[in-house]
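Protein chains: 8
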Amino acid sequence: MNKEEIKNLLESVKNNEINIDKAMKIIEDLPYKELGFAKIDNHREIRVGYPEVIYCEGKTAEQVVKIVEFMLTKNNNILATRATQEMYEEVKKICPESNYNPLGRTITIRKRDEKVTDSYIAIVSAGTSDLPVVEEAAETAMIFGNRVEKITDVGVAGIHRLFESLNVIRGARVVIVIAGMEGALASVVGGLIDKPLIAVPTSVGYGASFRGLAALLTMLNSCASGVTVVNIDNGFGAAYSASIINKL
Amino acid sequence: MNKEEIKNLLESVKNNEINIDKAMKIIEDLPYKELGFAKIDNHREIRVGYPEVIYCEGKTAEQVVKIVEFMLTKNNNILATRATQEMYEEVKKICPESNYNPLGRTITIRKRDEKVTDSYIAIVSAGTSDLPVVEEAAETAMIFGNRVEKITDVGVAGIHRLFESLNVIRGARVVIVIAGMEGALASVVGGLIDKPLIAVPTSVGYGASFRGLAALLTMLNSCASGVTVVNIDNGFGAAYSASIINKL
Amino acid sequence: MNKEEIKNLLESVKNNEINIDKAMKIIEDLPYKELGFAKIDNHREIRVGYPEVIYCEGKTAEQVVKIVEFMLTKNNNILATRATQEMYEEVKKICPESNYNPLGRTITIRKRDEKVTDSYIAIVSAGTSDLPVVEEAAETAMIFGNRVEKITDVGVAGIHRLFESLNVIRGARVVIVIAGMEGALASVVGGLIDKPLIAVPTSVGYGASFRGLAALLTMLNSCASGVTVVNIDNGFGAAYSASIINKL
Amino acid sequence: MNKEEIKNLLESVKNNEINIDKAMKIIEDLPYKELGFAKIDNHREIRVGYPEVIYCEGKTAEQVVKIVEFMLTKNNNILATRATQEMYEEVKKICPESNYNPLGRTITIRKRDEKVTDSYIAIVSAGTSDLPVVEEAAETAMIFGNRVEKITDVGVAGIHRLFESLNVIRGARVVIVIAGMEGALASVVGGLIDKPLIAVPTSVGYGASFRGLAALLTMLNSCASGVTVVNIDNGFGAAYSASIINKL
Amino acid sequence: MNKEEIKNLLESVKNNEINIDKAMKIIEDLPYKELGFAKIDNHREIRVGYPEVIYCEGKTAEQVVKIVEFMLTKNNNILATRATQEMYEEVKKICPESNYNPLGRTITIRKRDEKVTDSYIAIVSAGTSDLPVVEEAAETAMIFGNRVEKITDVGVAGIHRLFESLNVIRGARVVIVIAGMEGALASVVGGLIDKPLIAVPTSVGYGASFRGLAALLTMLNSCASGVTVVNIDNGFGAAYSASIINKL
Amino acid sequence: MNKEEIKNLLESVKNNEINIDKAMKIIEDLPYKELGFAKIDNHREIRVGYPEVIYCEGKTAEQVVKIVEFMLTKNNNILATRATQEMYEEVKKICPESNYNPLGRTITIRKRDEKVTDSYIAIVSAGTSDLPVVEEAAETAMIFGNRVEKITDVGVAGIHRLFESLNVIRGARVVIVIAGMEGALASVVGGLIDKPLIAVPTSVGYGASFRGLAALLTMLNSCASGVTVVNIDNGFGAAYSASIINKL
Amino acid sequence: MNKEEIKNLLESVKNNEINIDKAMKIIEDLPYKELGFAKIDNHREIRVGYPEVIYCEGKTAEQVVKIVEFMLTKNNNILATRATQEMYEEVKKICPESNYNPLGRTITIRKRDEKVTDSYIAIVSAGTSDLPVVEEAAETAMIFGNRVEKITDVGVAGIHRLFESLNVIRGARVVIVIAGMEGALASVVGGLIDKPLIAVPTSVGYGASFRGLAALLTMLNSCASGVTVVNIDNGFGAAYSASIINKL
Amino acid sequence: MNKEEIKNLLESVKNNEINIDKAMKIIEDLPYKELGFAKIDNHREIRVGYPEVIYCEGKTAEQVVKIVEFMLTKNNNILATRATQEMYEEVKKICPESNYNPLGRTITIRKRDEKVTDSYIAIVSAGTSDLPVVEEAAETAMIFGNRVEKITDVGVAGIHRLFESLNVIRGARVVIVIAGMEGALASVVGGLIDKPLIAVPTSVGYGASFRGLAALLTMLNSCASGVTVVNIDNGFGAAYSASIINKL
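Line by line, the protein sequences are chains A, H, D, P, L, S, Y and C.
Positions 69 to 316 (our numbering) are the ones given, in order, by the first sequence.
Positions 69 to 316 (our numbering) are the ones given, in order, by the second sequence.
Positions 69 to 316 (our numbering) are the ones given, in order, by the third sequence.
Positions 69 to 316 (our numbering) are the ones given, in order, by the fourth sequence.
Positions 69 to 316 (our numbering) are the ones given, in order, by the fifth sequence.
Positions 69 to 316 (our numbering) are the ones given, in order, by the sixth sequence.
Positions 69 to 316 (our numbering) are the ones given, in order, by the seventh sequence.
Positions 69 to 316 (our numbering) are the ones given, in order, by the eighth sequence.
Treat the hints with care, as some may be off.
To be verified - With a cut-off of at most 25 Å between alpha-carbon atoms, the simulated DMTMM-like pairs for lysine to aspartate or glutamate come out as follows:
id: 1; chain 1: A; residue 1: K263; chain 2: P; residue 2: E182
id: 2; chain 1: P; residue 1: K160; chain 2: P; residue 2: E120
id: 3; chain 1: L; residue 1: K315; chain 2: S; residue 2: E217
Hints are computed from structural coordinates only; laboratory data are not their basis.
Just so you know, these numbers come straight off a predicted model, no measurement behind them.
Taking the hints into account, I'd like the entire structure generated from these sequences.
In structure tokens:
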């Protein structure tokens, strides 16, 4: 409700075109509707072109289907992360055009064609065991409308492979680096680029990797500036942030 | 602005007793004034009889004095926690009636007489090294207007001393248990009473006490029901919560 | 045995109405019966209207049935927490009126009608994955005779939803806040109310949530006063404490 | 050295315009000069307008002065972080136009006027104890040529203050959130904006804050998407990343 | 071989009563036989009446049977800890007189009658979930020839039950206290007795019990003197130490 | 108050030799006086020959003096641990016969001659930096009336030195092993003896020793049976337990 | 391409023996071929006699087969670590001469006969549960062409067994020590030899072993010089390093 | 003493060429001299050319002087690590030719000229704050008779600097990599060489570096094979191991 509308309301009151009780009701609702609340409420959900997101971990296939069903009524694209094959089978029954990425464990449903960005997000990863997180990040970035370039298996133990892809990495607008074990890749890439770098530690490793803690600490302590970090295995979060930056 | 006032405003508009621009202004401000914001703003500060609180850790004596100076204009009682002797010397210069509890490291200033509750908060502690936290809790509880009973040095290694004070503890409306080292006192007291018990682990100990972590974990895992826990050494927080409960 | 009764006993001795051996016997038992031991023994169990509680984790269905069987002889209400569907099936065989809450994993048996409090406990939670803890807390609070209001799915990432329920939360006598991941909800709610707040971290999350440790630390360090904390996923403990406070 | 230049060189060899030894020298250097090495070498340092940065922790005042002295020859702006008052006194002797921010512990020297961005970085912080990190971030952002808006003391315990500044925060191109204790502010702000948010946990707190670990975990587990995290107290790193993003 | 014997040997050599090769053999063996090595070798295994012990964790039923088979040749009593039902079934085939304690997960085989001590080891435990560790400790203590008194389910939340058993506990020569969750029982018992107390933390609990860490820290920090601690769930180790002490 | 006395009391009542009020008073006090409480109260303090103990950490010299002063009235021997040189100077003023062990930081006052045990406690330590804990343990053991043999500087890196002292170690009734860094000495000694072994981890070390945590974990996981553990640097606790065992 | 060759190339250009485009092509490739990149690329893989290595953890049997299939084309020996029985069954189908070590979980394929070193690597281990890591290390060392001597089950709890094998251990060129639980063996062996010692903590143990953390810390803090450490259970890594040293 | 020598001895006894007492003495010493004990005893200390080492941490200047004084009698070279300037001043008084490295905190005394190895140890480090550990390692390596090449300030954030020194690093026989913060340098160097690499994490960093823990975990999880690790800041240990390897 903007200034003009409030003015009109008051003039209607003055002119007896609306009775006081009804006007009172409208005004009482203002705080919830106006003070950023409508904006808050909607700033993620109503925003045109933003996909709906479901985090499937800990949900049953049945629950996921119900949520998808509801979302389909809104005509947005849909992304489900941490989804099992079984969930996908169920979702496909109500939405045959849905796709499943078994490595990234994502279900994607494209109800409308989003314009894809010209600039791209580079997703750089260390080892083959990091690929599930790479795929989660890539699917997320793509359904949010970003061009994506994947540079995988360029761990620091064979650094020449990284150098061969340096131009692609440097050409990105935002770079996501995904690495488990000791997570050193983030620092090395961070030292070679001057773009925003979002580092994703993965739980890949054993023993003193403590399920990703080692990689997480490595990345938080990166001696290369320009590196920020998300939670262990959080490919979605990294891609979400990268998408916001890429579309600035 | 309550319903009545909104109705009056609209009637004034209707009756031309107020012009539309002015009414519009008032209505525009509603979200900030009505939707709990005024309440939010004031729910701690304006509430009659609540003391002002300063957490002095990391502040200079000069900064503390300035804050006290400002607070004194509001005519409330004042509590400064984690205050050094030096801070007190400075505060005393601008407020000679201020008091210092060197053990509890609190400065208290009583600008008005608060009614003290009939029901009391029992503060039970294990060893003499826990006394600073006891004193912080006691000073806090008292300036918030609560009657306080202290039962100190009743650690579980000499449990008969605890039993001798059982009646006093059981007579309280809320019980605060303060203990370092292994913090077992909270469980023992928790098993003997049926009142709310707030446990405060202290950083007293060495080696595997890890600066209060051992006592904290003990209390969180208490096998006695009815025990809730605050941060290590947080005598203020325990007393604040206890005060809210005591005054329900 | 109160003062009056001791006096009577001694007078009976004096008047030869009881022989010395018998009186001696009674007096010898005093320490166990009088020194709080009877009280201790009974202060939880005999107290009228308190339900019996079974913590089922690590017990077999068979063991749970046996305990329930014994408890049923005492004519109290019964609450079994962390109970599996299988346990419930077995319990139902000996007590058809038992109820199972599959989300909260509780079995409840109501043998007598408890008066429900007028004041209520608000149970506020962040995400859908926190619901099992919400349900455990709600079932506990209810069988202890408390009115309960649940306000779920009001995580801080969409804070407007929290504001819409603010009046319900503020109307409670005690508030339980249940949240996993980063657990920030406790601090936000704590800053908006002036009632006792019991925070329950949940093990919901992944990676650096370290099975609830992140939420636990968040809540212990809450910058909002009046927050106390229980163990990770301990919905029962929070509701037990809340019930004691609500009934003060 | 691009393809054209290599071709020209070879033609010069063929045409005897350059002798073979000289050509050989040029070619031998190619690996170092061409394969990104010149670029690598210079991508941070030669880039026009980037300030030189000194991390002073663990250096003596004498060492800092020597580094500054050398940097001054390059005619760049200079930023020294974690600098003591004593270091500043020494630096001032050789460079009187240097400035010291005692709260942020930064020395800044402006040798050339950088164009300041129109878009701004919002730096949002929770409590007064977080101000040193705020100042380090602000000084960094400014000497890298960014417009900065500071919104301080808007911790979640008094969330209305945050709302009053919401428009300023939402107007930023990048948001830095700085908070100690439980660090919940990052999640709350993250839920209210759709801009990149860089969260900085601070070591402010005591007991179970474990010198910033609690806030760090909170931020890594943020339920609000779009949040990335840097090391504890790393105001410089957050501002460096924010600057890169702001200038994309 | 003492000095005298060496002298005799050399004299025999001198007097041709022993040939040089035989003398050489004896002397060559000296290092292994004399320097405590024979003693070392045998101090546990040859000692009459000490049972053989097998730690079954991580072994197959087949491996356990083979070890038992070998041990049976030595005519000692045998104790197998952390043994599964399946292992027992296999062992029984080759040794029908073997016994299995399913709760304590021990197999015991008695080949000879050991004299049982007059003095006893008291095994005190907190909750029913601690019983497996109690049984492991009890079986160990008994097969090592100790009289054992078990006092179970005397957790500190109902401390009167502990007091009712105080005489039995105080009558022991050594006391083992077994408790999970917060492990406070060790401190309470420690304060009530003046006998050696060996505390066993158990992994019973959830959330912030961190699989026994909380109880372990509690016991290490016990404010009661005379308490020593073994590894989490190490009922065997506690009983082994207690047995050594009981037989001093 | 034994049976006889109760009988006498009742007979006095019957015979009017005592009035009912007075008898009632005596009976009311029974629970506190009889049910083990006197025993509890006194079991440590009144026991003839037990020294009084003061833990000086966190106390002022003034406080220590006051406590000593009070203890001197009881005519017991006195042990003060973690005492500074300054504390000793003050104590000496009121008790010239007090002794100070600057390495072990103990003050000892011998008011009566205790009989020393024939059997001895062996205190075995790894490196010279462990000596303060050795001395604390030795002083404690001696003032509790135990013969002590110290075998120092026999760390596992030069294991032959340990073997040279093996006979002395094996001759002890109880063995205390004190080691920092990796704490391996406890396992090695544990494998060589069949006496109770109390292991004391020390905070000696750096880096990944984490102030004694490494040694603590080593000792708790000792593959040698018969090893129990006390808190880091807790020489007093080890000696106290050893003394109880030695005197069994 | 060395200096001589570059010179020859340029002279060919000058002499028209090679056309400029072809020369240009060669020079363009230089950075990748010369600056260590070819060397980098090949330093592990092309090196004659080095086996190919596959880390199977987290791979499917199908993926492992594919990688082996590709590797077989290169005619090198092949080592697959952390391989399951199922993987081996599949590999055997395409390569019947492959061998499986079920304890060490390794598949080895010998395509060419490597010369075995004269000097040997001693692999010393504590308990039977450490054997899987021993086998992984042994298989690795052997397929890298090293002679191996295994000395197993010589844990410090029975140190005489270690002494009996001392000569074999001392005769090695490099020693690998593998131990779980408290990991003390590394320190003891370290003190007895003057050869490089690589320590491998294993995850063998329970409770406070924290899945190998205790042994890891022990080894990092070893008081014996000359000890270096690899990740928990990393038998491969230890043998790889030992092989490099053995072949120096 | 080998078999031949024992035989000869016995024959001498038989032939009266040696008297029995003397022969007895020789034989009595056998256990200590033969069973490795003499070797053990001497394997570090008597070995010609090995310097004596003093770890000064926690020692007084006076104690260090006394130890040096004793060592000087043995005519070996001497190395004192973690030595303060004050210690050096005192040592210099009794040994004017001693040298102090203030950065590495080492005192070195050269009593005899050791032959320096032809092969060298490369010491590679990340940042200037790591230099103290570099210097400790270098001084250690040198006094043990190794040629040393230092390549400092080649952290991964500017990886081209590392490449410029690659030939020097690859030319070494053993490489020590020293790095704090995230410690990624070890992995990068490990991937570029095929020599033994000893990684030293340093305590350089702040916040989530947790005093070197982050770098330690990074190095333990290195994805590059051939990396072994020593304790945080343990430059001495790394150089000691490197020296053993270099001299194989």
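So, going through the hints one by one against the coordinates:
1. K263(A) x E182(P): 20 Å, holds
2. K160(P) x E120(P): 17 Å, holds
3. K315(L) x E217(S): Roughly 22 Å between the alpha carbons, so the hint for K315(L) and E217(S) holds.
Checked against the numbered hints above, the structure violates none of them.
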